[in-house]
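These protein sequence lines are chains F and B, in that order. Going by this note's numbering, 213 is the number at position 213 of the first sequence; the sequence numbering is gapless. Going by this note's numbering, 57 is the number at position 57 of the second sequence; the sequence numbering is gapless.
Hints listed in this document are in silico derivations from the structure and should not be mistaken for laboratory results. Keep in mind it's a predicted model, so treat the numbers as computed, not measured. From the three backbone atoms N, C-alpha and C, an ideal C-beta is built for every residue, glycine too.
Going by beta-carbon spacing under 7 Å, a handful of chain B positions derived as facing chain F:
hint	residue
1	Asn6
2	Phe25
3	Ala31
4	Ala33
5	Leu40
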Amino acid sequence: MTSTLTIGSLEISSRLIVGTGKYANYDLMRSALDASGAQVITVAVRRERLVDDRGRSILDFIDLDRYTILPNTAGCFDAADAIRVARLGREILSQMNNPGREWVKLEVLGDRQTLLPDPVGTLEACRQLVKDGFKVLCYTSDDPIAAVRLKEAGATSVMPAGSPIGSGRGIANPSAIRIILERLKSGDPDYPVIVDAGVGTASDVTIAMELGSDGVLLNTGIAHARDPITMATAMKHACLAGRAAYLAGRIPKRLYATASSPWEGVISHIPGE
Amino acid sequence: MLIVVNGEEIDIAGCPTLADLVEHFGLGDRAVAVELNHELIPREQHADTRIRKGDCIELVTLVGGG
Chain F
1 MTSTLTIGSL EISSRLIVGT GKYANYDLMR SALDASGAQV ITVAVRRERL VDDRGRSILD
61 FIDLDRYTIL PNTAGCFDAA DAIRVARLGR EILSQMNNPG REWVKLEVLG DRQTLLPDPV
121 GTLEACRQLV KDGFKVLCYT SDDPIAAVRL KEAGATSVMP AGSPIGSGRG IANPSAIRII
181 LERLKSGDPD YPVIVDAGVG TASDVTIAME LGSDGVLLNT GIAHARDPIT MATAMKHACL
241 AGRAAYLAGR IPKRLYATAS SPWEGVISHI PGE
Chain B
1 MLIVVNGEEI DIAGCPTLAD LVEHFGLGDR AVAVELNHEL IPREQHADTR IRKGDCIELV
61 TLVGGG
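Using the sequences and the hints, build the whole thing.
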């Protein structure tokens with residue numbers, strides 16, 4: 001059964017990867033993570049707050065035996081900063097002995113308004129981090145050529161955006177995702193391609209999975225839903241449904257109807273016959 | 001001794017090493033990564049890494065993110 005997803009050396013049974021940002025509070029985050037069924041969760045690397053009361057750490061609310069932590073380089077706008085942040089994330093996860101210590105979700109962003117990836121900086125950072133021994137899960141746009149270049153640069157997984165981060169616009173260009181899947185999996189069917197960003201609701205996850213994506217990474221769609229825990233449950237089922245539908249093989253779309261009940265033996269008058 | 005920690009200039013006394021500084025901020029038992037003048041210093045080297053006047057130090061941790 002192809003229900004598990006292998007990313008580098010890690011095998012995971014849930015194909016949904018969820019972020020830990022933007023929750024109203026840590027208790028809600030913990031419950032939503034649980035409801036999502038995710039085994040891999042993303043985090044960001046930021047300065048410790050030294051002056052005001054630091055309060056509780058997110059790490060107090062994450063079961064490190066249950067989750068693989070995937071540190072991101074969110075907020076980095078050039079390769080040098082992304083490499084720096086990746087190394088800091090690795091240092092922290094090494095202290096926690098979490099399997100995510102080898103990983104980085106690489107983001108090198110172009111600007112703050114679009115949060116679209118800078119393709120040049122992303123490629124440069126990806127090459128260096130691969131050299132440094134990281135397993136790079138690489139956020140990119142839905143540009144198939146950029147995706148191919150990142151795979152060639154050694155990315156462990158290429159993660160095209162469905163639509164801009166936090167936009168909730170779903171899979172804006174399914175054709176581009178299909179081309180990426182075709183190109184990256186040609187002769188390498190197990191190469192993991194994960195749709196990252198833009199998911200607004202459960203059907204977006206299903207669409208991504210039905211296209212043949214290996215997984216979906218999302219954050220805002222759950223964290224900012226009116227009821228994050230229920231939405232997390234919906235996302236879990238959407239992911240399972242989309243994967244199963246992909247494996248089952250959809251029927252082709254047709255312009256005209258095809259009857260489900262037999263014509264043979266009808267007693268009615270059929271117009272035109 | 002004036003140093004810069006997380007972008008803020010502070011006057012600090014009694015912290016000869018990075019390990020002392022991490023402890024000073026109450027982070028001794030927390031998962032924290034330290035950069036000294038843009039260079040990552042692994043935790044096992046904190047006790048042997050001396051702080052000098054004008055050093056620029058980053059103390060970072062994990063937060064929620066997507």
